[in-house]
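S.K.: Letter by letter, the chains look like this.
Protein chains: 2
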Amino acid sequence: MIALDVNNPSCLIDARELSFQLYDVLDVETLTRRAWFADHDRTTFDSALEMARKLAEERFRPHHRKSDLEEPRVVDGRVRLIPEIAAAINDFASSGLLAAHHGYAAGGMQLPWVVAQACYAHFHAANVATFAYCFLTIAAANLLDAFGSAEQKQRYMRPMLSGRFLGTMCLSEPQAGSSLADIRTRATPLGGSRYRITGSKMWISGGEHELSENIVHLVLARTDGAPPGVKGISLFLVTRRRLRPDGGPGELNDVVLGGLNHKMGYRGTINTALNFGERGDCIGELVGEPHRGLAYMFHMMNEARIVVGMSAAALGLAGFRVSLDYARQRPQGRLPQAKDPSAPPVMIIKHADVRRLLLEQKAYAEGALALGLYCARLLDEQKTVEETSARERAGALLDVLTPIMKAWSSEWCLRANSNAIQVLGGYGYTRDFPVEQYYRDNRLNPIHEGTNGIQAIDLLGRKASMNDGQAVRTVATTMRVDIEAANALSAVAAHAAQLDRALALLQDTTATVAAARARLGDALPLSNATSYLDLFGHVVIAWMWLRQATAAATRIQNGAPGLRDFYLGKLHTARFFFRHELPRVEHCAKLVAGLDDTCLTMQDTWF
Amino acid sequence: MIALDVNNPSCLIDARELSFQLYDVLDVETLTRRAWFADHDRTTFDSALEMARKLAEERFRPHHRKSDLEEPRVVDGRVRLIPEIAAAINDFASSGLLAAHHGYAAGGMQLPWVVAQACYAHFHAANVATFAYCFLTIAAANLLDAFGSAEQKQRYMRPMLSGRFLGTMCLSEPQAGSSLADIRTRATPLGGSRYRITGSKMWISGGEHELSENIVHLVLARTDGAPPGVKGISLFLVTRRRLRPDGGPGELNDVVLGGLNHKMGYRGTINTALNFGERGDCIGELVGEPHRGLAYMFHMMNEARIVVGMSAAALGLAGFRVSLDYARQRPQGRLPQAKDPSAPPVMIIKHADVRRLLLEQKAYAEGALALGLYCARLLDEQKTVEETSARERAGALLDVLTPIMKAWSSEWCLRANSNAIQVLGGYGYTRDFPVEQYYRDNRLNPIHEGTNGIQAIDLLGRKASMNDGQAVRTVATTMRVDIEAANALSAVAAHAAQLDRALALLQDTTATVAAARARLGDALPLSNATSYLDLFGHVVIAWMWLRQATAAATRIQNGAPGLRDFYLGKLHTARFFFRHELPRVEHCAKLVAGLDDTCLTMQDTWF
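So the protein sequences, as listed, match chains X and G. The first sequence begins at 14 in our numbering and counts up by one. The second sequence begins at 14 in our numbering and counts up by one.
Since the hints were made in silico from the structure, they are not lab data. Careful, some of the hints might be misleading.
Copies of the same chain look alike in the list, so a pair counts if it fits in one copy or across any two.
[What the hints assert, rightly or not] Quick list of in silico lysine-lysine cross-link-like pairs, DSSO-like style, CA-CA up to 30 Å:
#1 K396 to K363
#2 K603 to K363
#3 K67 to K363
#4 K166 to K244
#5 K79 to K67
#6 K603 to K166
#7 K244 to K363
#8 K244 to K79
#9 K396 to K79
Every value quoted in this text rests on a predicted model; they were computed, and no experiment measured them.
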């Protein structure tokens with residue numbers, strides 16, 4: 014057995030990496046000039062990051078494997094989870110991180126969302142399954158914060174922010190996974206905002222447990238007589254236990270566990286089929302206005318999609334770090350130019366192909382992390398910038414970047430995890446090392462919160478054409494500002510020129526599809542949506558690498574005491590992405606702009 | 014839960030597919046004109062295939078999930094496996110399939126190797142872990158057949174062909190996974206062919222069990238005073254139990270189980286650390302001549318590498334078939350051109366992106382299958398063709414195609430399995446369906462029998478340059494014969510022209526690397542070996558699709574009663590490969606021929 018300490022508590026996410034992204038690339042310190050963040054400075058941010066790292070390493074990471082081996086199960090009708098999960102969630106709640114970005118009035122820390130997301134990256138990397146209970150609760154609380162009544166915020170959101178109640182989102186049904194237009198769960202009015210809820214939901218993470226006093230389910234359902242399709246969907250808040258007048262948990266609310274889904278990854282996150290109102294006795298509360306449920310839920314879904322991408326990125330970083338440590342410690346083989354069999358073997362990091370496996374991981378995972386934090390920074394912009402135009406700009410960027418963050422990151426960071434296995438060779442596929450579990454955990458990310466195919470259709474079918482292509486133009490304009498800045502730096506000017514060409518190709522391709530849709534309808538132009546997402550995704554990640562390379566080159570110019578190697582690594586990885594990855598976009602663009610009909614014209618009977 | 018019968022016994026490998034490959038593409042009936050195969054005809058081939066299909070479906074497939082859930086374990090010092098494994102192996106042996114290609118004199122069926130491989134595909138697809146015990150035995154017996162003494166064949170090979178003894182290959186050691194030059198296991202002469210064996214081996218599949226009377230380990234070791242590196246390695250036959258004078262199993266031979274490796278896939282195949290001669294009492298027999306062990310073992314390894322590729326292909330086919338059945342039965346969503354929410358949802362196979370996920374699977378898995386059977390056909394050629402030049406040609410083709418079959422198939426058929434999960438959505442990652450297990454099983458294939466990085470170095474560093482590039486020229490000449498034939502058929506002429514250009518690019522790239530090695534040494538030119546394998550692999554699989562398309566177009570011209578849709582599917586999948594996949598080679602060629610130094614120049618300290 015290899016003597017690699019996989020529980021080395023400092024190894025999963027390099028602290029330099031998060032600092033680089035936040036301060037060098039995103040310049041988040043400027044946020045502290047805004048009134049909402051005025052109490053903060055780099056010291057308070059760093060304290061939060063260090064607290065998160067320590068908590069993640071000490072309380073989440075140690076049961077990563079155990080929660081995989083000992084899945085949630087039902088004993089005598091009650092859900093049993095390993096006790097470490099409740100303990101970790103409890104500590105997370107006590108730390109205040111559930112309310113990190115909420116205002117002081119709500120018991121929060123009033124941290125920027127981007128800093129909170131950087132903190133959360135440590136938890137995704139340490140134990141994505143246990144952290145899922147937390148981030149589902151954070152997302153559900155955000156939804157109530159945005160659309161709930163004052164009373165709902167007081168009765169439900171506040172206990173969620175302190176961890177007394179945990180949250181879920183209940184969208185899918187057994188007959189309708191991605192197709193929300195077809196959901197059948199019904200809501201019958203009982204007067205006021207109270208409704209009787211009846212129906213079955215599927216794939217509900219965190220759907221049943223006794224980790225907390227109560228569970229707050231956010232449930233999509235149809236009111237009687239609602240119009241068909243997505244325009245007839247309303248949002249309801251349904252608790253596992255009804256609330257007593259004092260707000261404490263009372264009697265059960267007829268939300269019944271239908272069964273557990275046994276997954277290949279994320280095993281510590283209980284995943285359930287739930288039956289609402291089997292006995293006709295499940296009471297829910299309407300959230301916001303009737304028939305606006307899908308719009309509300311998309312507020313949560315969009316956040317959740319970015320979080321899925323962040324989870325993929327963090328798993329990519331974790332696998333990268335473990336395989337990097339391994340490659341530095343494992344002697345094997347000799348270099349091509351030194352074949353003397355009596356010479357000692359070299360550490361495998363000396364082999365060019367192992368470096369490729371590591372560079373790909375670094376390029377994908379740090380690229381995805383950069384995009385995820387960029388998106389989080391945009392959410393802070395939407396929330397705290399004064400000018401309407403800047404808010405609208407942030408919104409347009411998020412419209413386009415959200416499906417890319419979800420789909421690109423989950424696709425390519427899964428490949429990163431596969432590379433981590435490959436670096437470890439046979440050890441990589443054994444359960445003595447965590448990389449095979451990262452790979453299994455990460456395999457869920459291209460599916461949940463909307464499959465990557467759905468993201469591609471969302472990007473090409475909706476986002477690329479909305480407001481006559483305004484959102485894509487906003488992305489291009491924003492990207493060109495960074496290209497201009499990079500043009501002035503000799504270390505990155507060639508990358509800037511290459512990105513400029515790729516961006517032009519993307520814009521031409523987008524225009525070609527728009528014209529084709531007007532001429533031919535949607536079927537053919539949208540049939541290569543995934544290739545469009547591949548194209549757009551690689552352009553956006555190249556942009557993220559240009560931004561990182563620009564920041565690194567600037568820091569090197571300014572001296573960079575102690576971090577020179579780190580910055581040189583950033584520059585070299587950017588070079589890797591521009592040479593090895595970005596050229597792939599040409600083929601994608603050809604398929605999309607050429608309106609290739611191979612997928613569309615394949616016939617069922619020919620398979 | 015979805016009502017898909019995943020145990021539908023006819024679904025894993027389409028019988029039409031194997032018939033098409035054997036008869037339409039490879040024309041294996043012509044082999045029956047050779048004396049060795051004279052007793053055979055299509056009827057006997059089809060009987061063997063049908064017998065294999067039935068046995069695989071009825072005796073191997075039913076415990077595929079169980080053998081994953083209930084891994085091999087050690088109880089009171091003895092290995093415990095679920096009983097279905099022994100029962101299946103026993104039935105396999107009774108069927109004669111262990112000796113399928115051996116001569117009648119050895120108790121075999123004298124079937125062509127290519128037909129035997131087609132039979133085995135059913136077992137890989139049904140239960141790759143249980144079948145591993147069989148194919149390791151087949152490979153070990155082949156090695157003894159080629160290099161063992163008459164007595165060794167009688168005493169060891171014959172009981173292996175009947176399943177009384179099972180076989181293993183013992184190469185890797187804990188400190189030397191892929192680097193055989195560094196193995197330390199020692200062999201001390203005891204007189205005659207007997208040696209005392211001492212050392213530790215790692216990753217030994219089938220290394221310890223009581224499935225059979227005995228286990229025959231083929232072990233690489235160094236004799237005292239042997240030269241360093243691979244030139245000092247000899248091959249030894251070491252049994253778990255010593256043989257009694259009557260050939261039956263006698264006392265234990267000091268081969269001690271050091272531990273089990275717990276893997277993410279292939280879980281039913283016990284994988285062990287073995288200690289030889291802990292008490293100084295392990296006796297082995299030299300096979301062949303001293304110091305030629307690695308050459309002998311490569312005979313087995315080359316076969317095993319093709320088998321790994323076949324296993325990857327068969328797992329790809331199995332996932333394809335399950336996800337195809339699912340896509341035909343699962344209603345969800347509506348087409349882009351018909352968004353009326355009150356219209357019923359369509360089967361998901363109607364969605365273009367689902368067709369892409371299926372087309373990719375079909376293109377990768379059937380392409381890999383075609384190459385694996387092509388290689389098997391070449392082995393038959395080596396064995397039975399009379400002309401020396403034809404044998405040499407087959408050998409040269411195999412030299413190049415073996416690392417491609419191993420690495421390309423395991424890389425791309427793993428992607429196929431990922432697509433199968435994606436088609437099933439959330440169901441895909443649950444253990445209610447087999448696709449997540451195919452994906453886990455298949456993840457071992459890019460690593461075992463030499464990592465794909467090793468295959469790439471073998472291809473570019475050795476095979477592309479041996480005999481001044483003769484092997485690559487032989488591949489090109491052979492490919493051009495098929496290109497010429499395709500030029501004459503309008504349905505495939507455009508593909509032929511595209512392949513011709515890709516082949517020229519491959520040859521130019523190969524020449525550029527050869528010139529660079531002469532000028533610069535090996536380090537830089539070999540540093541993009543994986544991109545060269547990607548390039549060569551896609552060209553070879555495009556060739557395989559051209560051959561399939563040519564066969565299909567010819568059959569359609571000739572009427573093709575009853576199989577028209579099947580052949581149209583072949584033509585359309587070829588079109589998919591040529592449009593969506595083959596163009597990827599341009600980027601690979603640029604990296605290789607441009608001597609991109611990004612991987613080579615990355616520094617350890619920059620990570």
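S.K.: Now tell me if each hint is right for this structure.
M.R.: Hints, one by one, checked against the model:
{"no.": "1", "hint": "K396 to K363", "verdict": "neither (47 Å within a copy, 41 Å between copies)"}
{"no.": "2", "hint": "K603 to K363", "verdict": "between (37 Å within a copy, 24 Å between copies)"}
{"no.": "3", "hint": "K67 to K363", "verdict": "neither (32 Å within a copy, 49 Å between copies)"}
{"no.": "4", "hint": "K166 to K244", "verdict": "within (25 Å within a copy, 76 Å between copies)"}
{"no.": "5", "hint": "K79 to K67", "verdict": "within (19 Å within a copy, 40 Å between copies)"}
{"no.": "6", "hint": "K603 to K166", "verdict": "neither (50 Å within a copy, 58 Å between copies)"}
{"no.": "7", "hint": "K244 to K363", "verdict": "between (58 Å within a copy, 24 Å between copies)"}
{"no.": "8", "hint": "K244 to K79", "verdict": "neither (44 Å within a copy, 45 Å between copies)"}
{"no.": "9", "hint": "K396 to K79", "verdict": "neither (39 Å within a copy, 52 Å between copies)"}
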